[in-house]
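So you can see what is in the structure, the chains are spelled out below.
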Amino acid sequence: MAGDAAATVDGERIRAFIRRFAEKVAAHKDELTALDAAIGDADHGTNMDRGLQAALERLPAEGAAPADLLKAVAMALISKVGGASGPLYGTAFLRAAGAVAGKAALEPGDVAALFKAALAGIQERGKATRGEKTMVDALAPAVEALEAALGRGAALGEALAEAARAAREGSDATIPLVATKGRASYLGERSRGHRDPGSLSATLMMEAAAETLAGGPAS
Amino acid sequence: MKKLINRVEAVVDEATEGLGLAHPHLVRVNAEPRFVARADAPVQGKVSLVSGGGSGHEPLHGGFVGRGMLDAACPGEVFTSPVPDQMVEAAKAVHGGAGVLFIVKNYTGDVMNFELAAELLQAEGIAVRSVLVADDVAVENSLYTAGRRGVGGTVFVEKIAGAAAEAGASLEEVERIARQVSDNVRSMGMALTSCTVPAKGSPTFELGEDEMEIGIGIHGEPGRERMKLRPADEITEMLAGPVIEDLGLKQGEQVIAMVNGMGGTPLMELYIVYRKLAQILQQRGVAIARNLVGNYITSLEMQGCSITLLRADDELLRLWDAPVHTPALRWGV
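Residue numbers (this note's numbering), protein chains in the order written: chain A, 1 to 219; chain B, 1001 to 1333.
Everything labelled a hint here was simulated from the structure, so no lab data went into it.
Take the hints with a grain of salt, since some may be wrong.
Unchecked claim - Now the stretches of chain A that chain B is said to cover, found in silico as 3 or more residues with beta-carbon under 8 Å:
#: 1; stretch: 41-50
#: 2; stretch: 75-83
#: 3; stretch: 87-94
#: 4; stretch: 139-153
Yeah, the Cβ is synthetic: ideal placement off N, Cα and C, and Gly gets one too.
Next up, chain A with everything else stripped away, as it sits in the complex (with noise of 0.2 Å):
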């Protein structure tokens, strides 16, 4: 395992992470829609696969920052991803970018900052808090997870993937849930039994984390 030996993130190490985000959602798109189409409106995947491929389009060269390429993201899926999941995305990545502002290279510690930051973002963007049915309640148990994790001592690598799962284990608590935020709250009741698409997109996003940031294998 390199993950011990490269315990610091550089540019590369985002870039990978942004690269299988995208290829992530463009492999799960019509599933997401299909999520969305039960419960909202049948555009989380198409859009999110719209703002992801033009952020792939819009990233600077080798040899960017952590924080430029994260920003580069955060603007194109403002720009080309409407809807809601647009500026929640796309604050979660701004604020991402502006933990990490200024520096080459990333602690594990600064990939939880940044994690941490994209959550506030989100949450303070679209008021959600656990338990509404929404991509809050997979992120924040990651970060949680993640935060416990390097806590303890856990190399990032092994931290990340206990964040990846907790995604997981969130998105899945979801299914049960009552929608109150979004279009899915006009369906009340009805929202039950229907796991929340932005909660899976969400555990994508964490699980590309998982599989790149450590040094897991290039994409």
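For this one, chain A is given, so just place chain B on it according to the hints.
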């Protein structure tokens, strides 16, 4: 799906381009980012009104750009909110130096994108205020939902605030008027059939041949109740009742009334609804001071209608009567 389109991806661009070609003396269309602006904008010293939302609700909002109403409109993808780039560039293109008022329908995506756009414009030194329209009484409890949806009341806010801005009112004053309208306007809609979003290609929801849905949203969001089809008079009572109750309309008050088609209902049927609405209000001693009957905020080809009532005073009536010249609304000029 059977639609008069070329390519699914080009629907919004081509429709917006067509609007511009049809009304070159009223509006000009910017392709990238996509927005519709008043042909003579920016009007120096005038507060600029900018609105927008998902496409598929025509003539809202592009059809209401022109003298006495909106300075710019930002059409999003079908039923998807526009993005901040569109709002920022539209606002900058029409800003006459007196500030910008965003008129925002209460949908999560619209609210967040307009919020971001307002932050970006304020960072550039342009004064921005926002007014939220949330008039759909079909959504009863805002604690457990994203709140009341913004629907037909938007037309009233755009017209009346637009008249105030045209008359030279300050940003604070235009905002106050817009808020007064949004506080005093309520709507409710119903559907006989679903719409079909071009990108999806199949109806958004299924309604039986003998069924209707009361309280439906303009994107096909579920309403209050699905039931067997009833005669138009009963449907009108089911829509008007909650609107009147929610507004708390009393004998002696006056309203501006709109019977709006969802896109697939003939004018003949809308007049049948208006006939009953006029009777209901007359029985309650409420005067219809002005009215609109037609397609103003639609949901693609959905069959159905909505009723909107605005409690009016002399000031609002005077602003309503002020000249307006847009592709979809024109009087006094």
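The hints, checked one at a time:
1. 41-50: holds (count 5)
2. 75-83: It holds: at least three residues are needed, and the stretch 75-83 of chain A offers 6 whose Cβ sits within less than 8 Å of chain B.
3. 87-94: holds (count 4)
4. 139-153: violated (count 0)
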